[in-house]
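**Q** If you read the protein sequences in the order shown, they are chains A and B. In terms of numbering that gives the first Met the number 0, the first sequence opens at residue 0 and continues consecutively. In terms of numbering that gives the first Met the number 0, the second sequence opens at residue 0 and continues consecutively.
If you're looking for bench data, these hints aren't it; they were derived computationally from the structure. Hints may be right or wrong, so weigh each one.
It does not matter which identical chain is meant; a pair holds if it fits inside one copy or across any two.
As the list claims (entries may be wrong) - The list that follows gives simulated cross-link-like pairs (lysine to any residue, SDA-like), each with its CA atoms no further than 25 Å apart:
| # | residue 1 | residue 2 |
| --- | --- | --- |
| 1 | LYS353 | GLY367 |
| 2 | LYS142 | ASN161 |
| 3 | LYS263 | GLN160 |
| 4 | LYS152 | GLU255 |
| 5 | LYS129 | ARG187 |
| 6 | LYS515 | ALA576 |
| 7 | LYS579 | ASN568 |
| 8 | LYS401 | LYS413 |
Since the structure is predicted, the reported quantities are computational estimates derived from the model, not experimental observations.
Number of protein chains: 2
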Amino acid sequence: MASIYRTLYCGDVSKAQIGQEVVLNGWVQKRRDLGGVIFVDLRDRSGLVQVVFNPEYDKAAWEKADRVRSEYVLSVRGTVVARAEEAINPKLKTGEIEVHINEITILNEAKTPPFLLEDDIEVDEQVRLKYRYLDLRRPEMQKTFLLRSKAMKAFRDFLDQNGFLEVETPILGNSTPEGARDYLVPSRVHPGEFYALPQSPQLFKQLLMVSGFERYYQIARCFRDEDLRADRQPEFTQVDIETSFLPMEELLPMMEQMVAHVFKATVGIDVPTPFPRLTYAEAMDRYGSDKPDVRFGMELTSISDLVENCQFKVFASVVAGGGQVKGINAKGCGHYSRKEADDLTKFVNRYGAKGLAWMGFKDGEIKGPIAKFFSPEEIDAIKERMGAEEGDLLLFVADKPKVVADALGALRSKFGAELGLINNEEFKFLWVVDFPLVEWDEEEGRYVALHHPFTRPKDEDLHLFDTNPGQMRAQAYDMVLNGYELGGGSMRIYNRDVQEKMFQALGHTPEGAREKFGFLLNAFDYGTPPHGGMALGLDRLIMLLAGRTNLREVIAFPKTASASDLMLNAPSEVDAAQLKQIHIATTAVKEEVEA
Amino acid sequence: MASIYRTLYCGDVSKAQIGQEVVLNGWVQKRRDLGGVIFVDLRDRSGLVQVVFNPEYDKAAWEKADRVRSEYVLSVRGTVVARAEEAINPKLKTGEIEVHINEITILNEAKTPPFLLEDDIEVDEQVRLKYRYLDLRRPEMQKTFLLRSKAMKAFRDFLDQNGFLEVETPILGNSTPEGARDYLVPSRVHPGEFYALPQSPQLFKQLLMVSGFERYYQIARCFRDEDLRADRQPEFTQVDIETSFLPMEELLPMMEQMVAHVFKATVGIDVPTPFPRLTYAEAMDRYGSDKPDVRFGMELTSISDLVENCQFKVFASVVAGGGQVKGINAKGCGHYSRKEADDLTKFVNRYGAKGLAWMGFKDGEIKGPIAKFFSPEEIDAIKERMGAEEGDLLLFVADKPKVVADALGALRSKFGAELGLINNEEFKFLWVVDFPLVEWDEEEGRYVALHHPFTRPKDEDLHLFDTNPGQMRAQAYDMVLNGYELGGGSMRIYNRDVQEKMFQALGHTPEGAREKFGFLLNAFDYGTPPHGGMALGLDRLIMLLAGRTNLREVIAFPKTASASDLMLNAPSEVDAAQLKQIHIATTAVKEEVEA
Numbered sequence: 000m001a002s003i004y005r006t007l008y009c010g011d012v013s014k015a016q017i018g019q020e021v022v023l024n025g026w027v028q029k030r031r032d033l034g035g036v037i038f039v040d041l042r043d044r045s046g047l048v049q050v051v052f053n054p055e056y057d058k059a060a061w062e063k064a065d066r067v068r069s070e071y072v073l074s075v076r077g078t079v080v081a082r083a084e085e086a087i088n089p090k091l092k093t094g095e096i097e098v099h100i101n102e103i104t105i106l107n108e109a110k111t112p113p114f115l116l117e118d119d120i121e122v123d124e125q126v127r128l129k130y131r132y133l134d135l136r137r138p139e140m141q142k143t144f145l146l147r148s149k150a151m152k153a154f155r156d157f158l159d160q161n162g163f164l165e166v167e168t169p170i171l172g173n174s175t176p177e178g179a180r181d182y183l184v185p186s187r188v189h190p191g192e193f194y195a196l197p198q199s200p201q202l203f204k205q206l207l208m209v210s211g212f213e214r215y216y217q218i219a220r221c222f223r224d225e226d227l228r229a230d231r232q233p234e235f236t237q238v239d240i241e242t243s244f245l246p247m248e249e250l251l252p253m254m255e256q257m258v259a260h261v262f263k264a265t266v267g268i269d270v271p272t273p274f275p276r277l278t279y280a281e282a283m284d285r286y287g288s289d290k291p292d293v294r295f296g297m298e299l300t301s302i303s304d305l306v307e308n309c310q311f312k313v314f315a316s317v318v319a320g321g322g323q324v325k326g327i328n329a330k331g332c333g334h335y336s337r338k339e340a341d342d343l344t345k346f347v348n349r350y351g352a353k354g355l356a357w358m359g360f361k362d363g364e365i366k367g368p369i370a371k372f373f374s375p376e377e378i379d380a381i382k383e384r385m386g387a388e389e390g391d392l393l394l395f396v397a398d399k400p401k402v403v404a405d406a407l408g409a410l411r412s413k414f415g416a417e418l419g420l421i422n423n424e425e426f427k428f429l430w431v432v433d434f435p436l437v438e439w440d441e442e443e444g445r446y447v448a449l450h451h452p453f454t455r456p457k458d459e460d461l462h463l464f465d466t467n468p469g470q471m472r473a474q475a476y477d478m479v480l481n482g483y484e485l486g487g488g489s490m491r492i493y494n495r496d497v498q499e500k501m502f503q504a505l506g507h508t509p510e511g512a513r514e515k516f517g518f519l520l521n522a523f524d525y526g527t528p529p530h531g532g533m534a535l536g537l538d539r540l541i542m543l544l545a546g547r548t549n550l551r552e553v554i555a556f557p558k559t560a561s562a563s564d565l566m567l568n569a570p571s572e573v574d575a576a577q578l579k580q581i582h583i584a585t586t587a588v589k590e591e592v593e594a
Numbered sequence: 000m001a002s003i004y005r006t007l008y009c010g011d012v013s014k015a016q017i018g019q020e021v022v023l024n025g026w027v028q029k030r031r032d033l034g035g036v037i038f039v040d041l042r043d044r045s046g047l048v049q050v051v052f053n054p055e056y057d058k059a060a061w062e063k064a065d066r067v068r069s070e071y072v073l074s075v076r077g078t079v080v081a082r083a084e085e086a087i088n089p090k091l092k093t094g095e096i097e098v099h100i101n102e103i104t105i106l107n108e109a110k111t112p113p114f115l116l117e118d119d120i121e122v123d124e125q126v127r128l129k130y131r132y133l134d135l136r137r138p139e140m141q142k143t144f145l146l147r148s149k150a151m152k153a154f155r156d157f158l159d160q161n162g163f164l165e166v167e168t169p170i171l172g173n174s175t176p177e178g179a180r181d182y183l184v185p186s187r188v189h190p191g192e193f194y195a196l197p198q199s200p201q202l203f204k205q206l207l208m209v210s211g212f213e214r215y216y217q218i219a220r221c222f223r224d225e226d227l228r229a230d231r232q233p234e235f236t237q238v239d240i241e242t243s244f245l246p247m248e249e250l251l252p253m254m255e256q257m258v259a260h261v262f263k264a265t266v267g268i269d270v271p272t273p274f275p276r277l278t279y280a281e282a283m284d285r286y287g288s289d290k291p292d293v294r295f296g297m298e299l300t301s302i303s304d305l306v307e308n309c310q311f312k313v314f315a316s317v318v319a320g321g322g323q324v325k326g327i328n329a330k331g332c333g334h335y336s337r338k339e340a341d342d343l344t345k346f347v348n349r350y351g352a353k354g355l356a357w358m359g360f361k362d363g364e365i366k367g368p369i370a371k372f373f374s375p376e377e378i379d380a381i382k383e384r385m386g387a388e389e390g391d392l393l394l395f396v397a398d399k400p401k402v403v404a405d406a407l408g409a410l411r412s413k414f415g416a417e418l419g420l421i422n423n424e425e426f427k428f429l430w431v432v433d434f435p436l437v438e439w440d441e442e443e444g445r446y447v448a449l450h451h452p453f454t455r456p457k458d459e460d461l462h463l464f465d466t467n468p469g470q471m472r473a474q475a476y477d478m479v480l481n482g483y484e485l486g487g488g489s490m491r492i493y494n495r496d497v498q499e500k501m502f503q504a505l506g507h508t509p510e511g512a513r514e515k516f517g518f519l520l521n522a523f524d525y526g527t528p529p530h531g532g533m534a535l536g537l538d539r540l541i542m543l544l545a546g547r548t549n550l551r552e553v554i555a556f557p558k559t560a561s562a563s564d565l566m567l568n569a570p571s572e573v574d575a576a577q578l579k580q581i582h583i584a585t586t587a588v589k590e591e592v593e594a
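Please take these sequences and the hints and turn them into a complete structure.
**A** Okay, here's the thing in structure tokens:
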């Protein structure tokens, strides 16, 4: 028997092969019997091609083809033929030809899949996850993972060309001081001791800089055992980068080039560089978010100065108390009813705002309960400041700056999506920089590091360590795309005196810091270069590149929101003997026994 | 102040820059004060360059340089100057120039390292591992990890060019049926349940074939909690590959090309292809090993037929009992004393051989206690068969084939190394093929799969399922390099009837098999393509490429033989509160309390 193995891919059969014999391998996408002729759409990774069985071509093959069902695996041999004019399918890449089959081998049979293996299917996600190996056959999924593979290659190519070394760091590490989110791994060799899976390779990448590797990268698996949300996974992948002797002003443009390279190589889009930069303060002020979606305007506008003496006591007293009054202009929403406006109030309540004041301009009137407190001049000033016209709706929050930002930022995002202000084809990158170095933790009664305690302050803020650490800005940066934080990083502290001041600001004694950060500080004693880096969330980037809205769509074998793998049925119970070997007992079982 | 950041790398300064101003960054490798002039060897990732401080160039810089010690981190600015003829250092890439410094910034100080950061140091490995971040500064280590990074890139480039997709598979999976070597991870969300870290992505890569990805690869982290030996690590990296619709006769040459590409791209060596192939039977017969080092001869030679009727009862009775008598010729070792020969007997005892018979040819005499049992004709026949000459030593083992192979195979390796028969510059690849499909397990009283239960038998052996499974050969293959198994793989079973026969041969009922291999068998019901693949041990390959003899030298942050990370001090104890959260208790502590 001649070889059953393909001579080319299904999707690559074209007019160029007309008259030639080909062997194709693949799955039966569809089988139709039309007047005694059997048409099969044969599918492989590359696409579909129509193969035809007709007793005139080969009777035995035609007879065998009669048994064939969806998802059967075939090897077929036949001749490429031009389709008749009326049979040409312009939607199919191979739509101008078909293959007349004279030999078929049924490589494997298939049960009927539990759902249609097509795009845009309405199937419960639980079922899709249970049969993930079938779900992954759908063209959309095949495309997504081709994209993901291409993106990883593009990252690696860029980083390699820029002198970065790929270094693998351990998965079996140690639990961190604040290890509440660590996955622990009991040790068989060391009873009572545990490894921990890394939340990121942060420690190792800084050590690699101490080691003099200068440019490190890794597409690294990270683990975080936290309460899961739709956009989190217990294990995730980050493009992890660290550099030495490279100032932020060179690192950031390099990272922009990297991302632009990945976009070009995967979806062919030219990403304009340099990315605009917003300071944290400006981002919070204008967008109420440190990861603003700048694909649309609707910026937050302060009217504090216009209302500080107004008759509406809520506004005036908030301003007098050091708060802010800011608003957004929902263009064309002047027709909103009181009910609709009340619903918006409930929405902002979730973000800590006690209320939402509104003013609608419709049919020459000013709607909303607060309108009566303002003089015509005040209203004109507010309208002018906020660019309000007939038909618009102004929404105001008066509160502490953080509450104002959170509430109006969320409201802005809601309107952006609901009013169709967002162009989904657009990719708008930006950097948010100058993050605060520390923030006050009410609970702990001390400053805590916003990023981590090795983040370098801005040089011009160093003098504030002794007087006002809360005002200090960090050499930290986030890369933001379309309202998502793609990644972030910082320049790290490398001087012992700055590090000591930082620990002091965080309320650590020198001994306490040693205990907490152990050998990393020891390592820093042996000649640490100036260094800094960043980490990019690969899963989220692929999600945005692929135009998906859920991380589970871009991870081959993802876990559910309750951290389960429905296909593997993981996690699961194990033999008591296995636990004994690793010197642990489950307290879950014990509770059951006692109950 | 002008920028402190480098304009080029230390190792790249050359005569091309003479007269130019450069900024260099790096570590102080060495500092010498010669007649009031300070010479510093400045080191970065690229190499060394000599920088010179002289009050004539800049007094302030010269004064500052006086403080500088080994491993200080510097930024220096100066002018590239040709060295005087007599000062040229031909051993150094930058030995024709030096840099006259007029500005220095001490970026960081350094304590004196606990050991010299040079190659070929005599330092306790424990100390090196504790200060791994310093150990990694040594040129040898820098070179090793550059090599490792290059090798990974070369693998990826080759696989990408050949249509392979990189797909990431989960680290948090499920414990396997024989999960004794699994690392377990307790679940916080699911009390009493556990994830397991993968021993390999085998399951997932076969599922990806069911999914139709056709060509998958991943440079995957794998985990095995086993008693550690010098050449094992609890976490290791493998280049993991699987293909569909590709016959073994195309896969193996592709894998050869891949490895050849990696060798060319990393160490510039042309690896000849195709690799020679040895059947398992032949490898065991000629080398007593399924991973023979074929850089030298000294093959095992059977003399069973020559001695079946001899007067030496041990030989004759072993042959009569179905055993073998085989020997190796240790060229030029005829001078071995009885004591030396006895030591060799102890050596083979470890491999199960009850004794070692020997015959030395020295000064025209035949040494050894067995000589007297053989007629001159028998001795001539043995000498001729074994190519023995005056000065040689023949060593014989008479036993069951497995014992003969193990003992003589080990003895051959020992002599190969000790007699200097091995050219360490040589890389000799080969394939070992036609492995047995199953082997008889005395303990379990049944056949067990040699590779795994999805390994496809050779087509021509399928008829033996019912009569003699022990004689069946598998479509399995190992890639062997210089006596190491670099990797292995197999074609997998994809037909349900073959799979059922395989399970039957292994003593599983259909239900038992379902329970044991669960959803993978379900997956196979939905149209599984013919597939197969392999996995290459990356750590070992790098070890051989870098000419090292210990895996710890090629892993950035390795673990010791007792699975500890001496730098991290991992594993370690954790808070009881942390254990409570994940619903486990350590029984190790309990034992202590009870004691």
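**Q** Given a CA cutoff of 25 Å, do LYS142 and ASN161 count as a within-copy pair, a between-copy pair, both, or neither?
**A** Classified as between: cross-chain Cα gap 18 Å, same-chain 28 Å, threshold 25 Å.
**Q** At 25 Å max between alpha carbons, let me know whether LYS401 reaches LYS413 within a copy, between copies, both or neither.
**A** within (18 Å within a copy, 73 Å between copies)
**Q** Given identical chains, is LYS353 near GLY367, meaning Cα to Cα at most 25 Å, within a copy, between copies, both, or neither?
**A** Within one copy only: 17 Å inside, 101 Å across.
**Q** Can you tell me if LYS515 and ALA576 fall within 25 Å by alpha carbon in one copy, between copies, both or neither?
**A** Between copies only: 18 Å across chains, 36 Å inside a chain, cut-off 25 Å.
**Q** Pop the pair LYS263 and GLN160 into one bin, within, between, both or neither, using alpha-carbon distances up to 25 Å.
**A** Classified as both; 16 Å inside a copy, 18 Å across copies.
**Q** Is it within, between, both, or neither for LYS152 and GLU255, if the alpha carbons may be no more than 25 Å apart?
**A** So LYS152 and GLU255 pass the 25 Å test inside a copy (17 Å) and across (22 Å) alike.
**Q** 25 Å Cα cut-off: does LYS579 pair with ASN568 within a copy, between copies, both or neither?
**A** Classified as both; 23 Å inside a copy, 23 Å across copies.
**Q** Within, between, both or neither: how does the pair LYS129, ARG187 come out at a Cα-Cα threshold of 25 Å?
**A** between (32 Å within a copy, 22 Å between copies)
The structure meets every hint from the earlier list without exception.
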